[in-house]
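In my numbering, the protein residues as written are 656 to 971.
Because the hints were derived from the structure by calculation, they are not lab data. Worth double-checking, as some hints may not be accurate.
DMTMM-like cross-link-like pairs, simulated, lysine to aspartate or glutamate; straight-line CA separation at most 20 Å [to be verified]:
#1 Lys678 with Asp774
#2 Lys897 with Asp918
#3 Lys678 with Asp772
#4 Lys678 with Glu943
#5 Lys897 with Glu921
#6 Lys678 with Glu704
#7 Lys678 with Glu702
#8 Lys897 with Asp857
#9 Lys678 with Asp771
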Amino acid sequence: MGVVASTEVTRVHAIVNPYGGKKNGLRLLDEARRVFEHGGIRFLTYETEYAGHARDYARSLLLEEADVLLPIGGDGTLFEVVNGLLARDDEQHVLVAPVPGGSSNYMGQSLGLPADDGDAAARAIVAGEVRPVDLGHVQSGDRSVHALCALSWGYIEELTACAERNRWMGVQRYTAAGFHELWKTGPRPARITFDGEEVIEDTFSLFLCVNTEYMGRDRVLLPEARIDDGYWDVIFCRALSKTHLVEVVARMNQGDGSWLSSDHVEHRRIRSLELVGENGDPVNVDGEPNLPMPLRFEVEPGAVRLVGASRGDALT
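Put together the whole structure using the sequences plus the hints.
See the structure below:
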C-alpha cells in the first residue's frame, strides 16, 4: 500500500520555485498535478516570488494532519520548506514529498525519486513510503537552522558560493567554480570538536559534514552515508598543497566514493560537533546563505518525515 492510501491524504500543497535549478518548476508542477488530481486529491499551488518565500508558505499555510507539502525544485526549496515547517507555532509537522527539479537534488536521489520528471516523481510518491529523516540543527550566534544535506567550509564552501553567483551557467557552474576556487582558496585554521570528545586544532583545506551519500547527479560522495541512521559524516583534509588538493578533488569528482581511500582524507561519523575558526568565517548550509563561525551542530534523528520511493523501487 502506497503512502497516499495508507495515510489517507486528501490535499496536497505544492510549493514551486519557478526560477530555481533548471527553471523547469512550472512544467514539473503541471505533470505532478495531473497524477494527484487523477487520484482524487485536491491540489493547491503556491509559487515563490523571493528568497525565503517557500519557508514563509510552509510556516503559515493552514494545514491539516492528512495534508502533504510538495516542494517542487532543488535542495534549496526543500531546505526552506522543512525549516518553515519546523518553525510553525502549531507544530503541525505534516509529510513532505519533494519533486526534484534542481541542479543537484542530493536528497531526492537519496529518497530514490526521479529528477526533472514530475509525472514519474509524483507516481513514485503516491506508491512510496514515509522516511523519518535525520536533520542537523545548526546554531550560529542567535541564528538557528536545520540542515538536510550538508555543511561545507573552506574549499567546498567557496566553490558553492562561487557557483551561486553564476547560476546563469546552469549545472556547469559547479565545474567552473571548482577549477576557479582550487587556485584561489588556501588552508584555514580551525578547532573542530567531535561529539564533545575528540578535538582537532589545525589548518584545513577541505571540510564537509554530510547526511546524504550523493554529491551531484549520479555521483556518490560517501557510499555508506544514510539519511536515517542517526549520524552525519564528516570528511576533511588538513592543509594540502595545491597539487594534493587537485588530486583529492579529482578523485572526489569520480563519483564512486573511492576518494575516501586517499591518505589525505579523514572521516568521522558524528552526532554533534563544534566548529571554531577565524571570527566570522562562513559555513555553507545546504547551499543557502552562510552562517558565521563559531557554530554548533547536533543531529536530530528522524526530525522530519519525507516521502520517498518504495525501497523496492528506489533508484540505484
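Quiz item: Is Lys897 close enough to Asp918, meaning Cα to Cα at most 20 Å?
Solution: Since the Cα atoms of Lys897 and Asp918 sit roughly 15 Å apart, the hinted pair holds (cutoff 20 Å).
Quiz item: Are the Cα positions of Lys678 and Asp771 separated by 20 Å at most?
Solution: Holds: Lys678 and Asp771 sit about 10 Å apart, inside 20 Å.
Quiz item: Straight-line Cα separation of Lys897 and Glu921 no greater than 20 Å?
Solution: Roughly 18 Å between the alpha carbons, so the hint for Lys897 and Glu921 holds.
Quiz item: Regarding the pair Lys678 and Glu943, is the alpha-carbon distance no greater than 20 Å?
Solution: 18 Å, holds
Quiz item: Within a Cα-Cα threshold of 20 Å, do Lys897 and Asp857 meet the stated pairing?
Solution: Roughly 17 Å between the alpha carbons, so the hint for Lys897 and Asp857 holds.
Practice problem: Decide if the proposed pair is consistent with the structure: Lys678 and Glu702, CA atoms, cutoff 20 Å inclusive. | Solution: 13 Å, holds
Exercise. For the pair we were handed, Lys678 and Asp772, check the Cα-Cα distance against 20 Å.
Key: 13 Å, holds
Exercise. Sort out whether Glu704 lies within 20 Å of Lys678, counting only the CA atoms.
Key: Holds, at about 13 Å.
Quiz prompt | Pairwise hint evaluation, Asp774 against Lys678, where the allowed Cα distance is 20 Å at most | solution = Since the Cα atoms of Lys678 and Asp774 sit roughly 17 Å apart, the hinted pair holds (cutoff 20 Å).
Going down the numbered hints, you'll see the structure goes against none, and every one checks out.
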